[in-house]
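Chemist: Numbering (my numbering), first residue to last: 1 to 152.
None of these hints come from the bench; they were simulated from the model.
Hints are not guaranteed to be accurate.
What the hints assert, rightly or not - Subject to a maximum C-alpha distance of 25 Å in a straight line, what follows is the list of computed DSS-like cross-link-like pairs (lysine-lysine): (1) Lys-132 x Lys-145; (2) Lys-67 x Lys-46; (3) Lys-143 x Lys-64; (4) Lys-132 x Lys-33; (5) Lys-132 x Lys-150; (6) Lys-150 x Lys-64; (7) Lys-64 x Lys-46; (8) Lys-67 x Lys-145; (9) Lys-46 x Lys-143; (10) Lys-132 x Lys-67.
Stated by the list, open to error - DEER-style ranges, computed between Cβ atoms: (11) Lys-131 x Asp-35: 25 to 31 Å; (12) Ser-34 x Asp-76: 18 to 24 Å; (13) Arg-69 x Asn-42: 15 to 21 Å; (14) Asp-48 x Arg-147: 21 to 27 Å; (15) Arg-69 x Pro-32: 17 to 23 Å; (16) Arg-86 x Val-45: 32 to 38 Å.
For every residue, glycine included, the Cβ atom is placed at its ideal position computed from N, Cα and C.
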Amino acid sequence: MLKPVFSLLLIFQIIQCTNPPRMVREYIYEIPKSDVLEHCRNVLVKLDYEIDIYASETDILITKPIKIRRVLSRYDYIVFVQVTDRIEIYVAAESGWEESIFFKPGSESTVGGSSLNEKQSEDTLPLSLQKKILIPIHRSMIKQKFRPRKTI
């Protein structure tokens, strides 16, 4: 009796984990809101991110696009920080493939140079890439005394 129930729960868990989690992290701050964005900028600069947009009047920060290459795919991502009553860190990504004989995805095409590159926007990156991006940011945010917000 217990084995079928356990098997059913295990299958349900596997089905739930088919997609990686959303690329968002939230932190709670206890310093004045006017200082928070500057601390976040310092964290990202120490991690070798280049800041593209720093808008202290709207409490938004966006990095320049970063490229990550995988075997057949390429990902371009940015880190977006918004300060409200909490700090919200988002990762927005776009995936691309080099056209080859073996792999041609059916998505929006752009011609760049002599080769054809395929691009499409991504809601989620593979979990390994998310960890590669978000774990160093998380560690640095903890060092700055920002607490991770517990999500439901």
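Chemist: Determine for every hint whether it applies to the structure shown.
Modeler: Hint check results:
Taking the CA atoms of Lys-132 and Lys-145, the gap is about 21 Å. The hint holds against a cut of 25 Å. Distance hint between Lys-67 and Lys-46 is fulfilled; the C-alpha atoms sit about 18 Å from each other, no more than 25 Å. For the suggested pair Lys-143 and Lys-64, the alpha carbons sit about 24 Å apart, so the restraint of at most 25 Å is met. Of the supplied pair hints, the one linking Lys-132 and Lys-33 is violated, its CA atoms being roughly 28 Å apart against a limit of 25 Å.
Pair hint Lys-132 plus Lys-150 holds up; C-alpha atoms about 21 Å apart against a cutoff of 25 Å. About 28 Å separates the Cα atoms of Lys-150 and Lys-64, which puts this hinted pair outside 25 Å; it is violated. With a CA separation close to 15 Å, the supplied pair Lys-64 and Lys-46 stays within the 25 Å bound. In summary, the hint linking Lys-67 to Lys-145 is not supported, as the alpha carbons are separated by about 29 Å, beyond the 25 Å threshold.
This hinted pair checks out: Lys-46 and Lys-143 have alpha carbons roughly 12 Å apart, not beyond 25 Å. Distance check on the hinted pair: Lys-132 and Lys-67 sit about 13 Å apart at the alpha-carbon level, within 25 Å; holds. Between Lys-131 and Asp-35 the CB atoms are about 29 Å apart, so this pair conforms to the stated range of 25 to 31 Å. At about 32 Å, the CB distance of Ser-34 to Asp-76 disagrees with the hint of 18 to 24 Å.
In this structure the hint that Arg-69 and Asn-42 lie 15 to 21 Å apart at CB is violated, the actual value being about 28 Å. A beta carbon spacing of about 25 Å between Asp-48 and Arg-147 agrees with the range 21 to 27 Å that was offered as a hint. For the pair Arg-69 and Pro-32, the supplied restraint of 17 to 23 Å is violated, since their beta-carbon distance comes to about 41 Å. At about 21 Å, the beta-carbon gap between Arg-86 and Val-45 misses the expected band of 32 to 38 Å.
Going down the numbered hints, you'll see the structure goes against 4, 6, 8, 12, 13, 15, 16, while the others check out.
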